[in-house]
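The numbering of the sequence shown is this note's numbering, which starts it at 75 and goes up by one.
Hints were generated in silico from the structure; no laboratory data involved.
Just so it is clear, the structure is predicted and the values come from calculations on it, not from any experiment.
Note that the Cβ used here is the ideal one computed from N, Cα and C, for glycine as well.
Worth double-checking, as some hints may not be accurate.
What the hints assert, rightly or not - Have a look at the derived ranges for each label pair, beta carbon to beta carbon:
1) Leu133 with Pro105: 43 to 53 Å
2) Pro324 with Arg106: 17 to 27 Å
3) Lys283 with Ala169: 31 to 41 Å
4) Pro187 with Asn274: 41 to 51 Å
What the hints assert, rightly or not - Heads up, simulated DSSO-like pairs for lysine-lysine below, C-alpha to C-alpha not over 27 Å straight-line:
5) Lys108 with Lys96
6) Lys311 with Lys264
7) Lys138 with Lys108
8) Lys96 with Lys138
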Amino acid sequence: MKHEELLSKLTPEEKAALLSGKTVWQTRDIPRLKIPSIFLSDGPHGIRKQAGAGDHLGLNASLKATCFPTAATIANSWDPDLGEEIGKALGEEAAAQDVNIVLGPGLNMKRSPLCGRNFEYFSEDPYLAGKMAAAYVRGIQSQGVYACPKHFAVNSQEERMAMDAVVDERTLREIYLTGFEIAVKEGHAKAIMTSYNEVNEEYANENKKLLVDILRKEWGFDGLVVTDWGGSNDHVKGVMCQSDLEMPAPGLSSARELVTAVKEGCLSMEAFDLCVDQVLD
75 MKHEELLSKL TPEEKAALLS GKTVWQTRDI PRLKIPSIFL SDGPHGIRKQ
125 AGAGDHLGLN ASLKATCFPT AATIANSWDP DLGEEIGKAL GEEAAAQDVN
175 IVLGPGLNMK RSPLCGRNFE YFSEDPYLAG KMAAAYVRGI QSQGVYACPK
225 HFAVNSQEER MAMDAVVDER TLREIYLTGF EIAVKEGHAK AIMTSYNEVN
275 EEYANENKKL LVDILRKEWG FDGLVVTDWG GSNDHVKGVM CQSDLEMPAP
325 GLSSARELVT AVKEGCLSME AFDLCVDQVL D
């Protein structure tokens, strides 16, 4: 663990509270231990930090920020250096607005014209998408801000909350995971957002193969895994799979579930502390 001293001072209830959001865009703080709140914000093409009360649909007014060309447009340049420059500018504006994590870039594959967010994704080519995403990540993170590539994984149509992506191993590896692998290994992304959908009958956010076997063990990712907004179905299962942060602000019911799961032996203290450690980091 990276933060053993802090972990030893936190109560189980405080640990559980750290693993879910305080508001639509902020994590919980623990003032007595000087653990600050972290601010997460969209988006891939321009910072969307809301000026007042947050709502994840973006209906309330946002602070002024640069609107950059979409990922779909920039990918047509085939120019990672340009992507890195845009990422740097995004990181600068995020830092200026006290945003700690930029929720992007988006690099899902364009497999269906029914995906209403195709403009937000780079390409139907996983190699191009990965190279461009890695460039954006490097640019954003050069400014001391985390990048959070999304949505991991196989989120390729807008029925994403009710979709089971049934996919064989070769297709999963060659088409859907390649871009994320490049973003992690070459971009050194410090955060990853999970997708809403199921992948082969298991929700992506509670999918051990995706989050533990592939992301953590094979690719060596040691950063923060955050749910899509409302994408947590079972927070205990998510924590078991090293999905660290449940967003947006589910209240404290899931935190109580985590504490109960630890007390009853359903969730190991090691797995619990591992997720808390990532949030503290």
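Each hint, compared with the structure:
For Leu133 and Pro105, the hinted distance range of 43 to 53 Å is not satisfied, since their beta carbons lie about 31 Å from each other. Checked against the hint of 17 to 27 Å, the pair Pro324 and Arg106 passes, with Cβ atoms roughly 23 Å apart. Look at Lys283 against Ala169: about 36 Å separates their beta carbons, and that is inside 31 to 41 Å. Between Pro187 and Asn274, the C-beta spacing of about 24 Å breaks the proposed range 41 to 51 Å.
For the suggested pair Lys108 and Lys96, the alpha carbons sit about 16 Å apart, so the restraint of at most 27 Å is met. Simply put, Lys311 and Lys264 have alpha-carbon atoms about 22 Å apart, close enough for the 27 Å limit, and the pair holds. At roughly 30 Å between alpha-carbon atoms, Lys138 and Lys108 are farther apart than 27 Å, so this suggested pair is violated. Our distance criterion of 27 Å between C-alpha atoms is met by Lys96 and Lys138, whose separation comes to about 24 Å.
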